[in-house]
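Peer 1: Let the hints inform the model, and build the full structure from the sequences given.
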Amino acid sequence: MKCRCTVNGEQVEADVPPRLLLSDFIRHELKLTGTHVGCEIGVCGACTVMLDGAPVRSCLMFAVQADSRELRTVEGLAQQGRLAPLQLAFSRHHALQCGFCTPGILMTLQAARERGAWPRSEEEARELLGDNLCRCTGYQGMVDAILELAP
Amino acid sequence: MKPAPFEMARPRDLDEALDLLERHGEDARLIAGGQSLVPLMNLRLAAPPLLIDLNGVAGLAGIRLDGGMLRIGAATRQQDLLDSAIVRAHAPLIAAAVRHTGHLATRCRGTVGGSLANADPASELVLSAITLRAQVTLRDKTGTRTLRAQEFFRDALTTALAPTEILTELAVPVAPPGTRVAVRRHARRLGDFAIASAAIQRAPGEDGLRAGLGAVAAVPFACQRIEDAYRARRLAEEIDALIAAELAAIEPIADLRSSASYRRRLAAVCLADAIRDVLA
Numbered sequence: 001m002k003c004r005c006t007v008n009g010e011q012v013e014a015d016v017p018p019r020l021l022l023s024d025f026i027r028h029e030l031k032l033t034g035t036h037v038g039c040e041i042g043v044c045g046a047c048t049v050m051l052d053g054a055p056v057r058s059c060l061m062f063a064v065q066a067d068s069r070e071l072r073t074v075e076g077l078a079q080q081g082r083l084a085p086l087q088l089a090f091s092r093h094h095a096l097q098c099g100f101c102t103p104g105i106l107m108t109l110q111a112a113r114e115r116g117a118w119p120r121s122e123e124e125a126r127e128l129l130g131d132n133l134c135r136c137t138g139y140q141g142m143v144d145a146i147l148e149l150a151p
Numbered sequence: 001m002k003p004a005p006f007e008m009a010r011p012r013d014l015d016e017a018l019d020l021l022e023r024h025g026e027d028a029r030l031i032a033g034g035q036s037l038v039p040l041m042n043l044r045l046a047a048p049p050l051l052i053d054l055n056g057v058a059g060l061a062g063i064r065l066d067g068g069m070l071r072i073g074a075a076t077r078q079q080d081l082l083d084s085a086i087v088r089a090h091a092p093l094i095a096a097a098v099r100h101t102g103h104l105a106t107r108c109r110g111t112v113g114g115s116l117a118n119a120d121p122a123s124e125l126v127l128s129a130i131t132l133r134a135q136v137t138l139r140d141k142t143g144t145r146t147l148r149a150q151e152f153f154r155d156a157l158t159t160a161l162a163p164t165e166i167l168t169e170l171a172v173p174v175a176p177p178g179t180r181v182a183v184r185r186h187a188r189r190l191g192d193f194a195i196a197s198a199a200i201q202r203a204p205g206e207d208g209l210r211a212g213l214g215a216v217a218a219v220p221f222a223c224q225r226i227e228d229a230y231r232a233r234r235l236a237e238e239i240d241a242l243i244a245a246e247l248a249a250i251e252p253i254a255d256l257r258s259s260a261s262y263r264r265r266l267a268a269v270c271l272a273d274a275i276r277d278v279l280a
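The listed protein sequences correspond, in order, to chains Z and B.
Heads up, the first sequence is in this note's numbering, so the first residue is 1 and it goes up one at a time.
Heads up, the second sequence is in this note's numbering, so the first residue is 1 and it goes up one at a time.
I should point out that these hints are in silico values taken from the structure, not numbers from a laboratory.
Glycine included, every Cβ here is placed at the ideal spot set by N, Cα and C.
Misleading hints may appear alongside valid ones.
As the list claims (entries may be wrong) - Below 30 Å or equal to it, Euclidean Cα-Cα: the simulated BS3-like pairs (lysine-lysine) are:
1. Lys2/B <-> Lys2/Z
2. Lys2/Z <-> Lys31/Z
3. Lys141/B <-> Lys31/Z
Stated by the list, open to error - Heads up, incomplete: computed chain Z residues facing chain B, CB under 7 Å, no partners named:
4. Ala14
5. Pro18
6. Arg19
7. Glu40
8. Ile41
9. Gly42
10. Thr48
11. Ala54
12. Val56
13. Arg57
14. Leu60
15. Thr108
16. Gly130
17. Asp131
Peer 2: In structure tokens form, the structure reads like this:
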């Protein structure tokens, strides 16, 4: 089936089987390997991308369902080689260790930022971070990064 | 893991979707948000030969007031309920309950109709529908029927939906001004399936209390004894005995998340806290 979509501002078009997961389409067809695949059952959040501005688990969608939609992956956060404010805050607060979960977390947070759902307290920050599993950090650096960026 | 091969149809309107459903019968599965179905497909616990994708079907999503009812289209995303001022104002119990459903990313994709048709015992939407005496609209090629939530949910993961039908709408009685709600639940992790969840709505008037318990029995249920006691103005004095009577009448689920006895205990705590919250 045809899949024509916009990925990080660029038009892409591919002929894909219906069973191809969006996560595999992004990684194997588009070679955007910043999107990571953890559990493939929608629990860990590592594969989170933005679909028309909403955060979604790309392992729980089929590539054909992204037809005529707008996708953003972690590769789309930096502009002209400059890290986004969210990425800079993560860097300042050491909000990652191994980094495997980081792309999914950044996309969840970026979507929350753009939707006007940015956490205003530590409790809200931890609730939002509940979307994604991190096995290294204990989340504290991420909470600090979120609170620093709070409006 | 990857799903087994399947065909996908992407109908543009409801008639086309109903045609496909009738033609392919049990071989077809409807998909909207896919937040429950796709994990099962990835694990190969489900391998439907045909998926009918409802995401392109016009007119299946939306929230509107219609007299005394709030009508929610089946393809409405769960997060849209939380972002809707209409839902917060006119169905505050749904807003209070659904914020506990999954996470932002799963709610942005998961739909109202999908959650209802999946009929998970721990679903906050199922609990809300039962508690609020909501109705669901089902459509097939011959017409439309409306069922009360109590008739629609039959067992765990089992509903009255026929293989040729599509759930198109949830209709909830509008909460009058001055309504208070409380949702108390317990889950192992934030956003995980509840082990027990209690939902209470208290509207003005002697008949104004609605109480429901989810995640404990195979189907969430309305706590009739508690509602009757409120009407008779003896709820506050008899809370603990009434909760014990409600829980004595059911066989709690025992699974990996909780034993039956732990569930019973948690359910009692959640119910008591929620009731005291709206009575205070």
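Peer 1: Any of the earlier hints contradicted here, and which numbers?
Peer 2: Going through the list in order, the structure violates hints 3, 4 and respects the others.
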